[in-house]
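Protein chains in written order, with numbering that gives the first Met the number 0: chain A, 0 to 320; chain B, 0 to 344.
Hints in this document: simulated from the structure, not taken from any laboratory. Careful: at least some of the hints might be erroneous.
[To be verified] Calculated pairs, DMTMM-like style, for lysine to aspartate or glutamate (alpha carbon to alpha carbon, straight line, at most 25 angstroms):
1) A:K287 x A:D82
2) A:K281 x A:D311
3) A:K168 x B:E310
4) A:K274 x A:E173
5) A:K255 x B:D168
6) A:K182 x A:E172
7) A:K147 x A:D63
8) A:K240 x A:D130
9) A:K116 x A:E100
10) A:K105 x A:D289
11) A:K255 x A:E233
12) A:K58 x A:D95
13) A:K182 x B:E310
14) A:K116 x A:E56
15) A:K237 x B:D168
16) A:K232 x B:D219
17) A:K281 x A:E67
18) A:K169 x B:E310
19) A:K80 x A:D311
20) A:K255 x B:E310
21) A:K65 x A:D95
[Unchecked claim] Listed next, the stretches of chain A that the computed footprint assigns to chain B, with coverage defined by at least 3 CB atoms under 8 angstroms from CB atoms of chain B:
22) 101-108
23) 204-210
Bear in mind the structure is a predicted one, so any value in this text is a computation, not a measurement. For glycine and all other residues, C-beta sits at the position ideal for the given N, C-alpha and C.
One-letter residues, chain by chain:
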Amino acid sequence: MHSSKWVGAWATGAAMMFAASAASATTVGFAQTGHESDWRTAFSASMQAAAKEAGIEMKFSDADQKPENQVKAVHDFIAQKVDAIVIAPIVETGWDQVIKEAGEAKIPVFIVDRDVKVADRSPIVARVAADFHLEGKLAGAWLAQASKGNCNVVELQGTVGSSPAILRKKGFEEVISLFPGMKIVKSQSGDFTTTGGKEVMESFIKATDGLKGICAVWAHNDNMQLGAIQAMKEAGLKPGKDILMVSVDGVPDIFKAMVAGEANASVELRSGIGKEIFDVIKGYLGGKHDYPAWVVIASDLHTQADAQHMIDWWASQKKGG
Amino acid sequence: MEHADRLPAAARPPSRLGDLAGRKWFWPVVALGLILLVDAFVSRGFFSIGIVQGRLYGSLIDVLYRGTPIALVALGMAVVIGTKGIDLSVGAVVAIVGAVMTYLIHQDMAAPWVLILTLATGALCGLWNGLLVAVLDIQPIIATLILMVTGRGIALMIDAGLIVTFRSDFFSAISTGQVFTVPSRILVCAGTFVLLWLFLRRTSLGLFVESVGGNAAAADLAGIDARLVKIGAYMLSGLCSGLAGVLICGDIRGSDSNNAGLFIELDAILAVVIGGGSLAGGRFYLGFTVIGVLIIQTLTTSILYSGVPPEYNMIVKGVVVLIVLLLGSRRFRDRVFGVFRRGAA
Chain A
0 MHSSKWVGAW
10 ATGAAMMFAA
20 SAASATTVGF
30 AQTGHESDWR
40 TAFSASMQAA
50 AKEAGIEMKF
60 SDADQKPENQ
70 VKAVHDFIAQ
80 KVDAIVIAPI
90 VETGWDQVIK
100 EAGEAKIPVF
110 IVDRDVKVAD
120 RSPIVARVAA
130 DFHLEGKLAG
140 AWLAQASKGN
150 CNVVELQGTV
160 GSSPAILRKK
170 GFEEVISLFP
180 GMKIVKSQSG
190 DFTTTGGKEV
200 MESFIKATDG
210 LKGICAVWAH
220 NDNMQLGAIQ
230 AMKEAGLKPG
240 KDILMVSVDG
250 VPDIFKAMVA
260 GEANASVELR
270 SGIGKEIFDV
280 IKGYLGGKHD
290 YPAWVVIASD
300 LHTQADAQHM
310 IDWWASQKKG
320 G
Chain B
0 MEHADRLPAA
10 ARPPSRLGDL
20 AGRKWFWPVV
30 ALGLILLVDA
40 FVSRGFFSIG
50 IVQGRLYGSL
60 IDVLYRGTPI
70 ALVALGMAVV
80 IGTKGIDLSV
90 GAVVAIVGAV
100 MTYLIHQDMA
110 APWVLILTLA
120 TGALCGLWNG
130 LLVAVLDIQP
140 IIATLILMVT
150 GRGIALMIDA
160 GLIVTFRSDF
170 FSAISTGQVF
180 TVPSRILVCA
190 GTFVLLWLFL
200 RRTSLGLFVE
210 SVGGNAAAAD
220 LAGIDARLVK
230 IGAYMLSGLC
240 SGLAGVLICG
250 DIRGSDSNNA
260 GLFIELDAIL
270 AVVIGGGSLA
280 GGRFYLGFTV
290 IGVLIIQTLT
300 TSILYSGVPP
310 EYNMIVKGVV
320 VLIVLLLGSR
330 RFRDRVFGVF
340 RRGAA
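Extracted from the complex, chain A is given alone in its bound form (with noise of 0.2 angstroms):
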């Protein structure tokens, strides 16, 4: 009888102490830029699936493009004693002051999308990203293959001086300088948008009496690309035919235009991130401390084959959201 007593006593006191564990269950903050994309709207439910997934609560607040909203979340999540605060900055600057409060309250930060500029980056354990240098080389490596190696490029610059641009560039550039036969002839930016891919690629058409000695169309995004494929159409060309498209992006008007047969490569940015990006949470929180500070997510490449696929995902995202 002493000794059911005991192991009920001890049963009693395991059940309060999961209790315990249960009601402190791991609780992460995500400061999200807003919901100005389609990309954006299924990073975010991708975040969500993660989370939950995960058996994490995730504490998501919405910018909505503004960065003061942004400082602010941040500053509740560490009110609030959160485990882990998840930022997707909408800017570089202003971080200092509420990171080092983060790193004072011993809250672990993680910095996904695009980077923070701050002096003291001891508060954060690692970016979770993509990489846009990766994404050039990828969209070169496409090429060469498809191309033999042998291959006039035309090339659809993003805003020169923008870090994906620069970055684009010198991944594909760097693969296409591995084969002697391929060799970029005519480079001009369009700004990443679909007018402004139009306006260089009606230039590039004449300029090149129709393309003349092209086989492919390289632009740093896929609305540069949409833009450039119009061109094409209009003066009688047929681009993802005649002439191979690669691009960047994978938005969902390049998978049409990829069933089409009108495109034939795009880069993904892939916004399914939430795994990778709670894996290293987890780690993290788990014991593991050795991230780099930047743990790069791999970009996926697709094309025609697997275009319809992507379009149905597309949809599938927009219903969820």
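Take the given structure of chain A and dock chain B to it, following the hints.
For chain B alone, coordinates are given in the frame of chain A:
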């Protein structure tokens, strides 16, 4: 001041060239000619014109084609500047109009109605500007800055923050179609120009605009309702920007609120000034404004064609515009060419 160019010929050097050089249209046309001359040497094939897909095709056609939205905006801008005003909101109006048009198309409204409501939206934006300037007497640069800043926000709100695309044969025909091989948007622009010219120069309305811009108080004494004229000018500018918005969005078959018509106000103001308009008001020239647009667009198209690295686009553009404006400056010409003349004598 503006009569300086209409001095009797005897007041100027008695050479025919000198006579020509005194004309308002001379220097902008020379500038345009020089840019084309450089193209002739630098860019092989710049002048070739053919017919592709049933439409005129060539870099010169591209100049006209890409220049139409700027020309429409600049024509409205010229009239506003004539009243001693300025309209910074034109780019934002392009974005709003594009968003409204896209929204209405997605409501399955009949295309002609969409067009009418869309243009009315542009005029409404102009009415707002006009009321701020003429009734509340807010300085034009500030009054129109308000819509310039908020306008893209409004457009983004209508688009729910996305680039919304559409399919519409009607709007594609207006923007990217052709009539007897001539791109239809060029005809739209030419038609607008002729209407505006008849409306402003074949009636006294143009003079009203200039008198309000030159001396509003005097105009008032002469019985011209300066308020009404100003409101009318801003509405005209809104309407023109609206039409430009229809062409710009019809071109990419979508409404890209962040980028549609971005910085078009700068090109438009520049075109007006190159065309001899004065920011001090009191005069405007529709025809010269179009030449100003042609200079700007020829320059842009030439840069894209020539293979200049994109890092230098802005520098090249800036330097050429500077040269054009220097050529247009009477004082600069007198100084520089005066030295030559003295040297020759």
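task = Decide if the proposed pair is consistent with the structure: K281 (chain A) and D311 (chain A), CA atoms, cutoff 25 angstroms inclusive.
result = violated, 31 angstroms
query = For the pair supplied as a hint, K58 (chain A) and D95 (chain A), is the alpha-carbon distance within the 25 angstroms limit?
reply = Roughly 22 angstroms between the alpha carbons, so the hint for K58 (chain A) and D95 (chain A) holds.
message = Against the 25 angstroms threshold, does the CA-CA distance of K287 (chain A) and D82 (chain A) hold or violate the hint?
response = holds, 15 angstroms
task = Quickly compare the C-alpha distance for K255 (chain A) and E233 (chain A) to 25 angstroms and report which way the hint goes.
result = Within the cut-off at roughly 18 angstroms; holds.
inquiry  = With the threshold set at 25 angstroms, check whether the alpha-carbon distance from K255 (chain A) to D168 (chain B) stays at or below it.
reply    = holds, 19 angstroms
ask   = Keeping to a limit of 25 angstroms between CA atoms, is the pair of K147 (chain A) and D63 (chain A) held or broken?
value = violated, 46 angstroms
task = Could you grab the alpha-carbon distance between K232 (chain A) and D219 (chain B) and see if it respects the 25 angstroms cut-off?
result = Since the Cα atoms of K232 (chain A) and D219 (chain B) sit roughly 55 angstroms apart, the hinted pair is violated (cutoff 25 angstroms).
query = Hey, K237 (chain A) versus D168 (chain B), does the alpha-carbon distance stay inside 25 angstroms?
reply = holds, 21 angstroms
query = Are the Cα positions of K182 (chain A) and E172 (chain A) separated by 25 angstroms at most?
reply = Holds, because 8 angstroms separates the two Cα atoms, which is no more than 25 angstroms.
task = Go check the region 204-210 of chain A versus chain B for me, would you? Three or more residues, Cβ under 8 angstroms, otherwise it fails.
result = holds (count 3)
ask   = Are the Cα positions of K274 (chain A) and E173 (chain A) separated by 25 angstroms at most?
value = Status violated; Cα separation ~30 angstroms.
query = Is the straight-line distance between the alpha-carbon of K281 (chain A) and that of E67 (chain A) 25 angstroms or less?
reply = violated, 28 angstroms
Comparing the model with each numbered hint stated earlier shows that hints 2, 4, 7, 8, 14, 16, 17, 19, 20 and 22 do not hold.
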